[in-house]
Amino acid sequence: MTALLPPRRTLADREDVLGAMLLGPALAYVILLVGVPFAFAIALGFSNATAGSLSFGWAGFHNYGAILGDPIFLRALRNSVVVTVGSQVLVVILATAAAQVFRATFRGKRFARFVLLLPWAVPVSLAAIAWTWIFDSTFSVINWTLKAAGLLHGWLYWLGDPALALFAIIIVQAWRIFPFATVIVLAGLSSIPQEIVEASIVDGAGFWRRLFRVELPLLLPVVAVAVLFGVVYTATDLGVVYILTGGGPANTTHVLPTLAFQRGILGADLGQGAAIAVFLLPFLIVVAIGMLRLAHRTEVGGAR
Amino acid sequence: MKRVALYAAALAFTVFAGFPFYWMLITSFKQNRDLYVGASDSSHIPWIFNDPPTLDHVKLLLGQTDFPRWVLNTLVVVVAVVVITVAVAVPAGYSLARLVGRWGERMGMGIFFTYLIPPTLLFVPFSRLISLLGLQDSLGALILIYPTMTIPFCTWLVMGFLRSVPWEIEEQAMIDGYSRLAVILKVAPRLIVPGILTVVVFSFTLVLQEFVYALTFISSVNKMTVSLGVPIALVRGDVYHWGALMAAALFTSIPLAIIYNAFIDRFIQGFTMGAVKG
Amino acid sequence: MDLSTRDGEFLVLLGSSGSGKTTLLRMIAGLEQPTSGEIHIGDQRVDRDVPPRARGIAMVFQSYALYPHRTVFQNIAFPLEASRTPRKQIEEKVRWAAEMFSISRYLDRYPRQLSGGERQRVALCRALVRDPKVFLLDEPLANLDAKLRNTARDDLKRFQRQIQTTTVYVTHDQVEAMGLGDRIVVMERGKVRQVGTPQEVYEDPVDTFVATFVGQPPMNLLDTGDPSLPPRTLTGFRPEHFLPQSVFGSGEDLRTFRFAVRRVEYLGSDRYVYGSVAGSGTPDATIIAKLPATIVLAIPEGETHEFAVPRRALRYFDPETGLRR
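Protein chains in written order, with the working numbering: chain A, 1 to 304; chain B, 1001 to 1278; chain C, 2001 to 2325.
Don't take each hint at face value.
Simulated restraints, written as ranges between beta carbons of each label pair [as the list claims (entries may be wrong)]:
hint, chain 1, residue 1, chain 2, residue 2, range
1, A, Thr138, B, Phe1049, 40 to 48 Å
2, A, Ser191, C, Arg2232, 52 to 60 Å
3, B, Leu1011, A, Pro282, 37 to 45 Å
4, A, Ala224, C, Glu2081, 55 to 63 Å
Honestly, the hints are just simulated from the structure, not real lab data. Note that the Cβ used here is the ideal one computed from N, Cα and C, for glycine as well.
Turn these sequences into a full structure, and let the hints guide you.
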């Protein structure tokens, strides 16, 4: 098979052309169907477009003025922050603890791991509907269990009371995200070089000192990744709130995505919907910066 | 002593993660009179079968609701989206990993970041776009839009995967007389089949789990996907048929969970971008 | 195995990978448990329930295992913090150790900013501050480049002489072992083959494994077919003793060989001559002669020459067991 090939470079050799061709469709998709709509989303915030017609008229800051004076919007903004921060704090605590448990070997570990992953694997909407049933005012299993354990003396109207409902939302978000965070932390734990852990053992560090002085600091980049993704998944999530409370009772548990949906899609006011959704950007920018910092750290050979 | 604490903790986490699914399970098969007992009634234990289990809810789900139709719709969308994603993301990932050099890394990151732009921001302009294209209330809308979620992440997955596959094999092929194109067509697929598999699985799970776009674009009950139809449309009047609802949730969750378990390590590699040696 | 160290000695565990040398070291450290037997450190029995930190040992890993998120100072201070030493004492001790290894100016840097040799010294400092009864070193020179290794070896030996702490050192490099060890433990596949000073191990190997493992190039072994020996006995002699007959003075008791020379390698300070010896029971075995540059006699390839070995340099081995007769 050593026939001499023509020395000319054919098109099939031009790596740059090939590279561009292979990359083309993806770039086109991303630019046309993500980049452009993204820009359009921001532009819509300044328009008075509605879903009914294909009109587009400039409205300046009218939408923003309207929503910033709207107590429902301000509440939704506050809720978004509360739910995101609250659930992620829970997630970090749960995930680091669960990772410690699941790095050990014990009987039934495979089954436990399978169950642990269920909240993350199941579609958001189905998990949400299951939790709606669990939190149901009349039939709630949680109420029954708490009462049977002697911990509940009144009654908890989970989804009917604004504060309780928000708390319920936080629980559901933490519940569905912590398995994902746990797996990431577990992977991080196993990537700590064995010899460093052994060195700390030989150096005389007990379990807790090892955990807090050696392992957790080395885990920081990994935990950060988990938190960043968790923030994105929680702040931008519509399913849990929409199905659990629909934003109620009386618009008290709206978060930015659900309010944007209600006003923009159901209410057909595209301009206002877009303006509301734009307030998600701060969350995303913080995450993007966080990711870039992390990537830079590992490139420069950060902690290795 | 430490052993006991370990098992207790493992049990606690497992129960916390799993009890909703257990609840789903028994709700699906409980008779209505065993199910709809007020929780304030302490004499009735909701966690067990007080009456023998029944298949009534399952029968209702499969026979008298649109659930089978939704499953079909979902499958159609899944197949289409998977095909599009593999066809677009895999070559793109290959190109970024092998062919484009230094700014390939930057572009790869850029593409990955578009994954972070959420549906709940884009659905507003998309609704206008879908109306423009006349795709409202159709599966075509989903088939068009879902790849915007799968392509960025899967391109990144393929990139990462290729970085761990030695390129000497391809270079050897080029020395042996294949052009770059021939190498791509002949040699590369075999090397990255596991990566392609991960792309397929990820796209599959993402389509099954997606709710926001489905909610935005689909209004007719017979066009809904499972993830949309179950929580929204399994309602008769004002009444939620919880038994059937939970059965539907269960049937959808189990296969997904099995798949997730098998592929979780690969996904994590993609998510952590090499911050962790997967 | 039954092994004991002498106080303050530098003991080297020598063997190839899989010989068990690292496992033995880790058992002494307490990172692995023996399936049977006892380990004593000082007058304390440690193998059953005594954790590493209570054994009075300090260990330097092959990768140095420095804590990447802590400065050099904090790395060295870590074991002292673990034993709850007062702040002021920690400061003094760390600075003292850093002085000893001349790394005081790096105290505020991070491990990733240091070179391999500097990191190794930090690891040694960290071990030093524990005032251990035993130092355990796992191939600490393996990651350094060749030039650095010689000076590092010298530094290590002088340092150990100075502090006079018993040291157990693992390596697969027999040159290192010979240079560093007060005594060498030659190990193979989990068993101790020989324990002795470098001289004993080199000149009086106890079996064919030790004879061929120690020494570069390895000892020549062949069946000379000598009728005065039991049949198939292996006769061994080191390449540096295998020289052209004309080099030896008269009056030396020699064993002569007809050496068919295949190839000569000129290596500057030595010449290696590869060939085979006629009339032996193993005619295909490659025999090597190591001629110092001071012997200028020409050795053309392809010819047969008269070579000889002083009888006192011959060693005899049983062909079945490999043991020395």
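These are the hints, each one checked on the structure:
Judged by the Cβ atoms, the range 40 to 48 Å given for Thr138(A) and Phe1049(B) is violated: they are separated by roughly 20 Å. For the pair Ser191(A) and Arg2232(C), the supplied restraint of 52 to 60 Å holds, since their beta-carbon distance comes to about 55 Å. Judged by the Cβ atoms, the range 37 to 45 Å given for Leu1011(B) and Pro282(A) holds: they are separated by roughly 40 Å. Taking 55 to 63 Å as the suggested C-beta distance range, the pair Ala224(A) and Glu2081(C) does not conform, at roughly 26 Å.
The structure shown violates the earlier hints numbered 1, 4.
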